[in-house]
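Based on the sequences and whatever the hints tell you, model everything.
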Amino acid sequence: MYFSSNIKLLRKRRSRTQDDVAHAMEMKRSTLSGYENEVARPGIETLIAFSKYFNIAIDTLVKIDLSGLSESQLQQIERGYDVYIRGSKLRLLTSTVDSDNNENIELVNEKAMAGYSRGFADPEFIKVLPTFQLPFLSKDRKYRTFRIKGDSMLPIPDGSWITSEFVQNWHFIRNNYPYIILTLDEGIIFKIVENHIKDTGKLRLISLNPLFEPYDIEINQIREIWKFIHYISSEIPEPNMPKEKLVEEVHNLKKQVKDIQTKLNI
10 MYFSSNIKLL RKRRSRTQDD VAHAMEMKRS TLSGYENEVA RPGIETLIAF
60 SKYFNIAIDT LVKIDLSGLS ESQLQQIERG YDVYIRGSKL RLLTSTVDSD
110 NNENIELVNE KAMAGYSRGF ADPEFIKVLP TFQLPFLSKD RKYRTFRIKG
160 DSMLPIPDGS WITSEFVQNW HFIRNNYPYI ILTLDEGIIF KIVENHIKDT
210 GKLRLISLNP LFEPYDIEIN QIREIWKFIH YISSEIPEPN MPKEKLVEEV
260 HNLKKQVKDI QTKLNI
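Mind the numbering: the sequence shown is residues 10 to 275 in the working numbering, read in order.
Errors might be hidden in some of the hints.
Under the rule of at most 27 Å between Cα atoms (straight-line distance), these lysine-lysine pairs were calculated in the DSSO-like manner [said to hold, decoys possible]:
id : residue 1 : residue 2
1  : K61       : K37
2  : K17       : K37
3  : K207      : K236
4  : K236      : K120
5  : K136      : K148
6  : K72       : K37
7  : K236      : K136
8  : K61       : K17
9  : K136      : K120
10 : K72       : K136
11 : K21       : K148
12 : K158      : K120
13 : K158      : K263
14 : K267      : K254
15 : K136      : K158
16 : K158      : K72
17 : K72       : K17
18 : K264      : K254
19 : K236      : K254
20 : K72       : K21
21 : K267      : K148
22 : K211      : K236
23 : K21       : K37
24 : K148      : K17
25 : K211      : K158
26 : K21       : K61
27 : K158      : K236
Each pair of labels, with its calculated beta carbon distance range [as the list claims (entries may be wrong)]:
id : residue 1 : residue 2 : range
28 : K21       : I231      : 30 to 38 Å
29 : N110      : L262      : 50 to 58 Å
30 : N64       : V266      : 52 to 60 Å
31 : L193      : W170      : 19 to 27 Å
32 : W170      : K21       : 49 to 57 Å
33 : N110      : R25       : 15 to 23 Å
34 : P223      : N46       : 54 to 62 Å
35 : R50       : W179      : 31 to 39 Å
36 : K267      : L83       : 55 to 63 Å
37 : I228      : Y62       : 44 to 52 Å
38 : L116      : K267      : 39 to 47 Å
39 : D29       : V106      : 24 to 32 Å
40 : G128      : I228      : 45 to 53 Å
Just so you know, the hints here were simulated from the structure itself, not pulled from any lab data. Since the model is a prediction, treat every value here as computed from it, not as a measurement. The beta-carbon is built from N, C-alpha and C at its ideal position, and this holds for glycine as well.
Here you go:
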């Protein structure tokens, strides 16, 4: 049970003294001190009072060791992304920090892509990934950079590096915005997303390249979601093809495929 250490940690993160918190909660300072030092055990009414004061669920206060979370995870909980309040599965991201306790940006290169699908939650796997910092990104959020493969997201070139922000609450996924998604079957994919979680429990994944058909994926097939921030590539994107020309090219390709199928009696 982590109640004592958690309320002490949360109090200090708010820069509150024991007198401040005791006064706000209408209890004696000695009573609060007893809770923080495990001299006294709180009853259910006291647990409810602390839950309301910190806006954190009782289960989180009791069951989760908040001192073991990264700064970005703590801030997510303090901003209201508390899994017990929301009734969702806890998504505690395995992360690393630098010597100044700042969140690293881990680099998931081509060599690590296959292993990431299995080791994304393994601290031993994450800590050996290359890391770096980008000073223009917020220190309050968690970022990771992935190398994408394939041409489904052209004009973003094959081999580009996609830096993305970890998404804690999937209900806040923006429609028609790009995301990195870690799936059970396909591994790491990069797509434009339509959010249908509320209605169907699914996301629709759309490629920028019109030759690739959109498809749906159940959220229980997803392990992580990262919101696109920017990409880095050594290639200059090809100029956009006029819409009419693009439609014509797609039509011709479909006709060619149909002719081949006819010849093969498919």
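Pairwise hint evaluation, K254 against K236, where the allowed Cα distance is 27 Å at most: violated, 31 Å
Supplied distance hint 49 to 57 Å, evaluated on CB atoms of W170 and K21: Given a distance of about 38 Å, which is not inside 49 to 57 Å, the answer is violated.
Pair hint outcome, K72 versus K37 [Cα-Cα no greater than 27 Å]: Holds: K72 and K37 sit about 25 Å apart, inside 27 Å.
Beta-carbon spacing of R50 to W179 - inside the hinted bounds 31 to 39 Å or not: holds, 37 Å
27 Å limit on alpha-carbon distance, applied to hinted pair K158 and K263: It holds: about 24 Å lies between the C-alpha atoms, which stays within 27 Å.
Proposed proximity, K236 with K158 (alpha carbon, max 27 Å): holds, 18 Å
Supplied distance hint 45 to 53 Å, evaluated on CB atoms of G128 and I228: violated, 21 Å
Hinted pair K236 and K136, Cα distance within 27 Å: holds, 22 Å
Hint consistency between K158 and K72 [alpha-carbon to alpha-carbon, up to 27 Å]: violated, 40 Å
Restraint check for K136 with K158, where alpha carbons must lie at most 27 Å apart: holds, 23 Å
Satisfaction of hint between K148 and K21, Cα-Cα up to 27 Å: holds, 20 Å
L116 paired with K267, Cβ distance criterion 39 to 47 Å: Taking Cβ atoms as reference, L116 and K267 lie about 43 Å apart, which means the hint holds.
Comparing the model with each earlier hint shows violations of hints 16, 19, 21, 32, 37 and 40; every other hint is respected.
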